[in-house]
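Q: One-letter residues, chain by chain:
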Amino acid sequence: AQSVSQHNHHVILSEAASLELGCNYSYGGTVNLFWYVQYPGQHLQLLLKYFSGDPLVKGIKGFEAEFIKSKFSFNLRKPSVQWSDTAEYFCAVSGGYQKVTFGTGTKLQVIP
Amino acid sequence: DVKVTQSSRYLVKRTGEKVFLECVQDMDHENMFWYRQDPGLGLRLIYFSYDVKMKEKGDIPEGYSVSREKKERFSLILESASTNQTSMYLCASTTRKGQHTEAFFGQGTRLTVV
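Residue numbers (our numbering), protein chains in the order written: chain A, 1 to 112; chain B, 1001 to 1114.
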């Protein structure tokens, strides 16, 4: 069975601070990895995805994530956050049958 | 523009009622999913379907059933609604064509059971 763990439930940062959100997954085979974002009152949107190739993946709005296979991790990063990045972030994994399993989410609050 | 459409944004139902949540996608996707989203619990998979008339239980199927009679439509049924089923329900779809299995989501249905 596949699973995803997000260790940070609530993160508060000041504008311009750097961000790193942790994500670990478990699955025995080849996986596809995703980060989704949900802005207040809006539906889930894809931030970035990893399927194969370069383990450093760049997404929208300056976000990036690094796939480290040996650590079963796919951490999300952004060098300098903005107030508009306030949202909830979900890590997800897709394995067998392309079933998509989500983590519990991390709420990011950016203080101006 | 790809689209997953859920029939209602908000629903209020009484305890014991039978509730139908409908989801339609126009992308010819093979896989469809129903999740519920609760604060602090993230998205939990209720049921998914990888083909017409096929269904698989997710992590929390108790109290729910599903129907997929046509490829584009996936219905979630609460046979007898209870207050602990008050939640945000999200429908999603993915394709098995190629490797790009990202999920496309509907706007969600906020169900309140009173």
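Misleading hints may appear alongside valid ones.
Unchecked claim - BS3-like, lysine-lysine: derived pairs with alpha carbons at most 25 Å apart:
id: 1; chain 1: A; residue 1: LYS61; chain 2: B; residue 2: LYS1003
id: 2; chain 1: B; residue 1: LYS1055; chain 2: B; residue 2: LYS1070
id: 3; chain 1: A; residue 1: LYS61; chain 2: A; residue 2: LYS107
id: 4; chain 1: A; residue 1: LYS49; chain 2: A; residue 2: LYS107
id: 5; chain 1: B; residue 1: LYS1070; chain 2: B; residue 2: LYS1057
id: 6; chain 1: B; residue 1: LYS1071; chain 2: B; residue 2: LYS1097
id: 7; chain 1: B; residue 1: LYS1070; chain 2: B; residue 2: LYS1003
id: 8; chain 1: A; residue 1: LYS49; chain 2: B; residue 2: LYS1018
id: 9; chain 1: A; residue 1: LYS58; chain 2: B; residue 2: LYS1097
id: 10; chain 1: B; residue 1: LYS1070; chain 2: B; residue 2: LYS1053
id: 11; chain 1: B; residue 1: LYS1018; chain 2: B; residue 2: LYS1097
id: 12; chain 1: B; residue 1: LYS1071; chain 2: B; residue 2: LYS1053
id: 13; chain 1: A; residue 1: LYS69; chain 2: A; residue 2: LYS58
id: 14; chain 1: B; residue 1: LYS1097; chain 2: B; residue 2: LYS1070
id: 15; chain 1: B; residue 1: LYS1097; chain 2: B; residue 2: LYS1057
id: 16; chain 1: B; residue 1: LYS1018; chain 2: B; residue 2: LYS1053
id: 17; chain 1: B; residue 1: LYS1057; chain 2: A; residue 2: LYS99
id: 18; chain 1: B; residue 1: LYS1070; chain 2: B; residue 2: LYS1018
id: 19; chain 1: B; residue 1: LYS1071; chain 2: A; residue 2: LYS99
id: 20; chain 1: B; residue 1: LYS1097; chain 2: B; residue 2: LYS1053
id: 21; chain 1: A; residue 1: LYS99; chain 2: B; residue 2: LYS1003
id: 22; chain 1: A; residue 1: LYS99; chain 2: B; residue 2: LYS1070
id: 23; chain 1: B; residue 1: LYS1053; chain 2: A; residue 2: LYS49
id: 24; chain 1: A; residue 1: LYS58; chain 2: A; residue 2: LYS71
id: 25; chain 1: B; residue 1: LYS1013; chain 2: B; residue 2: LYS1097
id: 26; chain 1: A; residue 1: LYS99; chain 2: B; residue 2: LYS1053
id: 27; chain 1: B; residue 1: LYS1055; chain 2: A; residue 2: LYS99
id: 28; chain 1: B; residue 1: LYS1003; chain 2: B; residue 2: LYS1097
id: 29; chain 1: A; residue 1: LYS58; chain 2: A; residue 2: LYS107
id: 30; chain 1: B; residue 1: LYS1053; chain 2: B; residue 2: LYS1003
id: 31; chain 1: A; residue 1: LYS71; chain 2: A; residue 2: LYS107
id: 32; chain 1: A; residue 1: LYS58; chain 2: A; residue 2: LYS99
id: 33; chain 1: A; residue 1: LYS99; chain 2: B; residue 2: LYS1013
Simulated from the structure, these hints should not be mistaken for lab results.
Q: Against the structure shown, which of the earlier numbered hints fail to hold, in ascending order?
A: The structure conflicts with hints 8, 11, 23, 25, 33, although it agrees with all the remaining ones.
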